[in-house]
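**Q** Per the working numbering, the sequence shown starts with residue 13, numbered consecutively.
No lab work stands behind these hints: they were computed from the structure. Please read these numbers as outputs of a predicted model, since none were measured by experiment. The C-beta atom is built at its ideal place from N, Cα and C for all residues, glycine as well.
FRET-style restraints, in silico, Cβ to Cβ:
1) PHE255 with VAL117: 47 to 53 Å
2) ALA187 with ASP142: 36 to 42 Å
3) VAL117 with GLN241: 31 to 37 Å
4) GLY154 with ARG194: 17 to 23 Å
5) SER257 with SER226: 41 to 47 Å
6) LEU145 with SER257: 44 to 50 Å
7) ARG197 with LEU145: 29 to 35 Å
8) ASN184 with THR111: 47 to 53 Å
9) PHE255 with SER119: 39 to 45 Å
10) VAL117 with ALA237: 25 to 31 Å
EDC-like, lysine to aspartate or glutamate: derived pairs with alpha carbons at most 20 Å apart:
11) LYS157 with GLU182
12) LYS198 with GLU240
13) LYS198 with GLU227
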Amino acid sequence: MRHAGRRLVRRRPPDPRRPRTDRHARRGPRPGGVRSCDRPCARRPGDGDEARDGCPRSCGTVPLVHVGRPIPPHPRRPRRRCACLLRGRIVTEGAPPFTDDELHVLSARIDAWLDRELAANPTVAAIDRDPSLRRWYVRVNGEEKSVFSIWFTLGQRTLHYETYVMPAPEENHAAFYEHLLRRNRKLYGAAFLIGEEDAVFLAGQLANTSVTESELDRVLGSLYAYVEQCFRPALRIGFASRFPS
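Given these sequences and hints, build the entire structure.
**A** Structure, rendered in structure tokens:
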């Protein structure tokens, strides 16, 4: 294309896949957002059931792509509810609660496992039970923290477990909680949290359907290891003035 001065002006060739329309530039402010589609989306092979009658119900935005690139396929959504895994905490959505008979069988399984641990595991010092609450108190002998207790509470859907770690920090609060949050990244099946009177606890839970002897061994061993690893460093941050420099 040449202008009046007969000077060659090179310009980018139009995209052959999209026809161009001649129009004047829009005057005034541009629209504030992207409008949703007013007609059904074309169905592609492999789309889920939500594409049969047009856009899915939650279609409120239009994906933006670079010019000349193909439009990405619709995101696939699961057709049924699935198990949710979050750092070792497994809770099955929509699972019915355990009946009294099932809870009784599971309680007997936990009782038998604890009796074996008390007889064979030297770190387990004592075990107390509260049958009315379906709760067990396991007293453990440690090294960094000499003695601590782990509580197991059986509910209709999950087995909850926790242990008291230490009271609220006296100083260096920001560094103390940052330390625990960074520790949480490396933990599996448990996490540090703030409980009554701002004390620090280590807690987690397991779906009743996953409560087996091997899983109970893992939980007990993990809580013991996490307390031993984290207790002394956190204590030196939150109670630094109590330690000689």
